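Order-wise, the sequence lines are chains P and F. Numbers 1 to 211, taken from this note's numbering, label the letters of the first sequence in order. Numbers 212 to 674, taken from this note's numbering, label the letters of the second sequence in order.
In short, the hints are calculated from the structure, not lab data. This one's a predicted model, so the numbers in the text were calculated from it and none came from an experiment. You may find that some hints are simply not true.
[Said to hold, decoys possible] List time: in silico DSS-like cross-link candidates among lysine-lysine, alpha-carbon distance up to 27 angstroms:
#1 P:Lys198 x F:Lys457
#2 P:Lys199 x F:Lys293
#3 F:Lys293 x F:Lys281
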Amino acid sequence: MEPFRNVTGIVAPLDRSNVDTDSIVPARFLKRIERQGWGETLFYDWRRRPDGEPDADFVLNQPGYENASVLVAGRNFGSGSSREHAVWALRQHGFRAIISSSFADIFHKNCFENGLVPVIIPEERARELIIRAKEGPACELTVDLERCELYDDRGFRSSFVIHDDPATHEFRRHCLLNGLDDIDLTLQHEDQIAAFEKKRPTWLEPAHSDA
Amino acid sequence: MFDKIWDAHVVREEPDKPSLLYVDLHLVHEVTSPQAFEGLRLSGRTVRRPDLTVATVDHNVPTIDRLNIKDEISRKQLEALKQNADEFGIRFYGIESDRQGIVHVIGPELGLTRPGIVIVCGDSHTSTHGAFGAFAMPIGTSQVEHVLATQCLVQARMKTMEVRVDGSLPRGVTAKDMILGIIGQMGVDGATGCAIEYTGEAVRGLSMEGRMTVCNMSIEAGARVGMVAPDETTFDYLGGREFAPKGADWDVAVESWKRLPSDPGATYDKTVTIDAAGLEPYVTWGTNPGMVVPVSGCVPDPESFPTNAERAAAERALQYMALEPRTAMQEIRLDRVFIGSCTNARIEDLRAAAAVAKGRRVANGVRALVVPGSTQVKIHAEEEGIDRIFTEAGFEWREAGCSMCLGMNPDILQPGERCASSSNRNFEGRQGKGGRTHLVSPQMAAAAAVAGHFVDIREWDVS
């Protein structure tokens with residue numbers, strides 16, 4: 001996985017809470033078996049009118065926000081299904097960080113697996129950032145994961161965490177900074193997995209009765 | 212109970228790092244797995260425990276003429292799972308199999324789901340299996356790949372939340388109403404970061420099907436895990452099922468399962484208590500499952516919400532749902548009715564809905580669909596004559612699958628159509644672009660189909 005240290009980019013405001021993964025990537029697109037090509041599906045039904053034309057009212061269609069690399073949204077971002085496609089779509093559209101006061105659990109975990117930084121700041125600071133970002137696409141913000149700070153050149157500054165639990169925050173930060181992959185880490189402990197398997201009681205195995 | 216299961220599955224634990232937990236059962240479906248299998252191939256890895264991995268097809272499967280899949284992309288995804296299962300030696304229940312069905316319906320019915328085990332699946336409704344006192348957690352595709360490769364889950368210990376439902380459910384109030392009432396009270400992120408244990412007399416009084424309905428929608432309150440302690444109801448359900456322990460193993464298993472329930476005086480990080488007597492049949496009015504009112508109530512006025520964010524969300528939801536504030540829920544007219552999904556498509560759900568439909572007719576202008584959760588449920592229902600009750604009442608009787616719960620197969624709402632649905636999510640576009648979903652119990656859905664609008668099932672004579 002590509003390491004993440006910091007990113008500076010335009011902030012797109014999505015002034016909604018409880019943004020769900022069906023809105024991030026509608027289910028009808030999930031039939032594809034590839035891992036690429038998801039950027040186009042991002043917020044599809046919000047980005048396009050029923051006739052398929054871009055909806056000029058939606059923030060990502062407004063001039064200057066097309067190249068935003070940071071998204072700031074209301075609380076509980078990413079609620080709903082486990083579809084990792086939602087994170088792939090955000091990443092492949094060009095987002096490197098999502099800022100909110102809280103993330104839904106499955107989406108939150110999926111972010112770490114894909115180098116998308118879930119930036120958690122207090123609700124009133126997220127609100128402040130949404131208002132600033134709505135003023136225009138001039139708002140360039142730096143997300144600095146080494147120092148866990150957000151700042152712009154117009155005086156906004158906030159520290160952040162990427163998980164409310166301090167140990168998980170630190171572990172996930174370390175993994176993101178170094179681009180570490182969970183499978184590689186786990187396979188270093190193959191001997192312990194094998195030892196655990198040896199002591200599992202046999203009645204735990206599905207009884208292969210093949211009726 | 213959470214700690215007992217957790218501790219029995221720790222492969223490795225270090226301070227300040229997530230633990231490595233052993234996974235006893237990995238359920239796989241076609242949507243969230245192809246990229247994981249591809250990842251294994253690209254890195255030259257294999258499936259560590261194909262014998263603990265079971266795959267089926269559900270999300271894409273058409274519910275009529277299902278061997279003739281017209282959507283090329285869907286067909287490729289279904290074929291990919293079969294090829295992956297063959298290549299890696301995984302037990303696979305395809306479209307032709309009489310064991311096929313929604314992954315959260317077949318796990319329990321085949322006896323694969325058992326108390327005390329760790330279950331994962333690339334699907335947010337994996338918490339369903341927690342109804343058996345299992346630790347069952349949804350995972351994303353990267354984690355699916357991780358579990359395939361290592362049979363382990365990387366997970367930090369979660370906070371625990373007790374949701375205790377005291378007393379007993381009033382007549383006409385179901386497990387679905389219980390969980391909708393809980394979500395309405397806690398909000399859609401009220402249990403974020405937590406594993407829920409549902410306790411209390413009303414939960415104890417539920418059948419396994421009812422417990423599965425409650426645990427299923429834990430994620431709609433923000434929790435990845437929802438569980439109910441195993442008891443005689445659990446053991447009675449499991450005994451004799453295809454993959455359940457047999458003979459002497461059964462006795463050993465039951466002894467072990469009896470030690471799982473939380474000890475008296477066990478503490479939780481949070482406790483929420485609910486009085487079952489205060490629960491009613493519920494209907495959602497908005498675009499998330501927390502936007503819910505009793506069927507006796509009205510569409511709320513956005514002005515009645517305390518914060519700007521909630522007012523804005525309510526206004527947006529009412530605009531999408533094309534509803535006016537203060538409209539009585541029972542005046543809302545419907546175009547479609549869907550009885551199905553991993554929340555409410557088990558035999559007991561279909562029996563309850565059939566009891567409402569029996570001797571009645573679907574209203575003019577309403578199209579109503581009944582989709583069994585698995586092929587086994589379908590066979591069972593047909594043996595009982597449930598299919599005929601529905602078809603005689605004007606409902607369509609279909610083959611097993613996820614169907615209209617999510618717009619991934621031919622069963623979708625058209626833009627602007629309004630649907631009473633026994634499923635779990637009323638998000639914008641969930642049942643098809645522009646579709647408007649109201650979540651209800653299967654009984655309430657059946658009654659709404661007959662009346663053409665929502666009705667209070669408590670006022671109906673249902674035998």
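| Okay, which hints does this one fail, numbers in order? | As far as the earlier hints go, only 2 is violated by this structure.
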